[in-house]
Each structure stands twice: as structure tokens, then as C-alpha cells.
Amino acid sequence: MSFGLEYSRSLSQLTGDPFQEEVCVRLGRVIVSFQPIPRKPHGDGGLDGLSHDGEHAYCCYGPEYDAAKKTKERVDAIVDKFKEDLRKLFELDMNGTKLVHKENEEIATIVAEGTTIKHIKLIVNWFESHRLIGPINTALKKYRKASACKYVDPTASVVIWGPTEFAAAYVVDEDSILRIRHGTLFREVKSAADTVAIADPTTFEAKIAALKKICPPYKAPTIEGMREQFLSDWRVSLAFEQKLDSSIPTLHHALEADRLRIAQQVRHLMISSPQPHVELGRAEQIAKDLLANDFETFGSTLLDSISSGEVARLMGDCLIAWEAPANA
Amino acid sequence: MPNRSAIATLSELLEESHAKPKMRIERLAPSAIYDLDYRVFVVAAAFERHAKAAPPIGRRIHATRLKLLQFIAIRPRLLPVIKAWSTAKPDEELTFTTQDLRRGFLGDQMFDSVVAFLVARGALEWMDTQLVEGKNAVLLSAIHTAAIDSGLFELERQTIEALRGIKLTVRMLEGE
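Chains G and L supply the protein sequences, listed in that same order. Per the numbering used here, residue 1 is the first one in the first sequence, and the count goes up by one each step. Per the numbering used here, residue 1001 is the first one in the second sequence, and the count goes up by one each step.
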């Protein structure tokens, strides 16, 4: 499968914020003047990015895929969303069936004074019907007439791009492929972690019960919170391991080796330190440093998740133990 | 502000309660996936149940087919994926799961090492892209029979049997 095809297929699987993030990251890599527009805290004014001295505008839409939806329903949803974005740019709103002026305060803080948008790209994760084109261009004509065109040039053009067009427009390099693969992997792991079963948590639960005995009763909620977090991180670790095992066996082998190194290094530090609990508390950072050798290219978010997952696993697999105080 | 990690909370609780933490590395169990004996059994079982007679050279199997079979046998959770992949229409787009599976089994270097070992041992021989019975092929049937007699690796054996009912197409083995 070519890089372009893999990229467009992967992009078509992204929805919501991850879709918009990927589009903006890629545009930022290939267009020197691309300026992404953060949505928070004031809203994006209907724009997700600008380039070419503010004259090219970009709007993204990545609706959730719903197999039950018919083509017409998908087309209508996309057309409605992009018409709404265009109305914002043209400072318009609907009053019943009539278009009325509605000031867009945010766009005034985004578009430079004296600049008008001359070209608008609408980028969507599904573009398998030409029936998107007509309604959006018809709306564009109406909005031009009804608007004072303060921020959009009256001759501005609009094009719609789906994943295929977006992938074909700029060279898809290994970096793009790696980024989109790992983004997908991260979401898959998170999603799989919700359903992964921990085979036998008996000894883990016994350890938590033993901890409750040596801690004062008022610490019970803290211990419970910690327990939940360990279990959650442990599931992420199991889901990640399963994913690697079935899709990238060579990295699964590396993960196994890293797991041993993490345990060894934490143990060495604990043995040599007068305060072993301090070294134990640093286990996550130690894990992150060691795992970075093999998994840095997965991105910091996934690396953080893997690190906390591997440390939770040390606890889950009962590698972490403690000697209770003599008076306990 | 990021949440406090669970391990940092544990460290603090242990410090406050004057308990001394320890790390018991001996409890870290390596995955069976990298155990040579286990992998030899899986390859032997897959060969025994899936290799076809091809006189006069004895039984044989396409090496990539054996690679895929033993990969699934170790990971029974992938059976539904392989079933769906097998019944997909030729022009149907591969799902991401099947793409992952394809990349996964082709990247299984442990299989390559096990086959190299079995070829060196005379249990298997290479014939172009096929693996055929070697002069010591009895080793494979002996391992397989011993596992059955001892009731070992039941899940793997069940998966290998289930795979007999699934058609592995050339497209699955050799790509689009």
C-alpha cells in the first residue's frame, strides 16, 4: 500500500479533534505561512487555520462515522456544518429562512486589518459524494450577496477536500505516516484498555488490603483512588502489550526487555538509597527514560501512558512489596 | 496541574507508615512467546494439522501459511479477525485490524528462528517457498502427540483446529 493511500485511509478514520489536529499539523508542515487557530478560550470564529498572509482560510470537519447513516444524511450533516462556518466568516446568521447580519467578534481578532479571505478550503473526513459541492457553492453565492464582506472577499472561492484530495495535495512522507499511525495506535490502545480483562488481580487486591492495614483509616479514600489508578494504568499496559504483540512483534520484544530494565534500575536505586520509597516514587520517570529508547517516536502522550502502565504493572504483578513496620 | 501518579501516592503512603519498599525482580515472568520449547510445539502442531501430503516428497506447507497459522495459534483472540479477513471480498478495503495482523505475522522473527532451528535439526526442509518434512520429521509428530497425551496447550490446539475451517487465501499470504 502506498504512503498516500495509507495516509488517506488513516485520515478518513479520524474524527473530531484528532482529525482537526492532524490536518492542522500537516498543513503546518507543508505551508510555511500556515497559522493554526486555537479554539479555546474564545472560539475559533469559524476558522481552523489561515495561510498566505491571511488570504487562505481552512475549516475542518471530522464527523463521527455512523454506519447506520445513509449517504444523504452524511451529506446533509457536512453541508450544514460548512454552511455554518461560512456564515460565521461572512458575519451572517439565520433568522428563520432569512439571512441577517451577525457580528463575528472573534474573527476580528484573527484576520489582520485590511486583509480579506480570498480562498476557503473545507476539509472533511468523508467526501464520497459530489452532492456536497452544489449546496455549499449555492450557499456561498447567497452569503456573498447578503454579507458586507468585511472579512471575506466578494470573489472568494471555496473548495472541498476529502482525505484523498488532502493526501494527494502534498507529499506524504514517513513522518506523516508515523504520526498518523501512532495517533491511531494511541486511540486504539485507550479504547481497548476499557475492555481488557485483568486475568487474576487477587494478589494485587491482597496487597491493597495489606496497605490499608498499615495506614491510618483516614487514608482509605487515598488508597482507593490509588488502587483505581493502578488498575486503569495496568489495563492500558495490557492493551498496549496485546497491540504490539499482534502488530509489531519486534517492538513487543523490546518492551519485554525494557520491563526488566525498569524493574532492575528501580531496585538498584532502592537498594542503594537510604530512602527507598523516594526512589520508588521516581519509578515512572525511570520507566519513561528507559522506554524512550524504543518508543520515543510514538509521541510523548503515548510514552507517558506506557510508562505509567508499566509501573502499574510492577505493582499489579506484585514485584513491588514492602516490609511492614514492626509495630503494625 | 497533572494528577499525582499512583506510584508517587504509594511511595508517600509507605513512607508515612514507615514501611520499607522492596522490588522482587524474581517475580517478573518472561512471556512464553519467546520460549523456544513452546514455539517449537506450536510450529509442530500447526505443521501436523495443516501440512498436506505431496508424494513423493512427504508432507509440505507454504512457509507463510505456517507463519500465519502459528501466529494465530498463540493469539486466539485474533481468530475473529482472520475469519473476517478470509471472507472479505477481493475489492473490499482491508480494515486497520487486518493491516495490523498482516504486518504482525510477517514481522514475527521468532518464527523464522524456530524454523531455522527445526531445519538445522532435520525436522523440516526448505523447498522454494515450501517447508517439507525433513529426515527427522518424526520429531514434530512426537512433540505434537506428547502434548495431546499430556493435555498441554489445549487453547493453542483448539485454535489450530479452528483454523482448519478458515480459508487462507493467496492475497492474505502474499498481499494485494
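There may be inaccurate statements among the hints.
Unchecked claim - Result set (DSBU-like, lysine-lysine): computed pairs, CA atoms no more than 30 Å apart in a straight line: (1) K102/G to K83/G; (2) K219/G to K1020/L; (3) K207/G to K1135/L.
Claimed, not checked - Stretches of chain L that chain G covers, calculated by requiring three or more beta carbons in the stretch to come under 8 Å of a beta carbon on chain G: (4) 1015–1026; (5) 1068–1082; (6) 1103–1114.
Hints listed in this document are in silico derivations from the structure and should not be mistaken for laboratory results. Quick caveat: nothing in here was measured; it's all calculated off a predicted structure. Glycine included, every Cβ here is placed at the ideal spot set by N, Cα and C.
To see whether the hints hold, each was checked on the structure:
| no. | hint | verdict |
| --- | --- | --- |
| 1 | K102/G to K83/G | holds, 15 Å |
| 2 | K219/G to K1020/L | holds, 18 Å |
| 3 | K207/G to K1135/L | violated, 54 Å |
| 4 | 1015–1026 | holds (count 11) |
| 5 | 1068–1082 | holds (count 3) |
| 6 | 1103–1114 | holds (count 6) |
Hint violations for this structure: number 3 only, all remaining hints satisfied.
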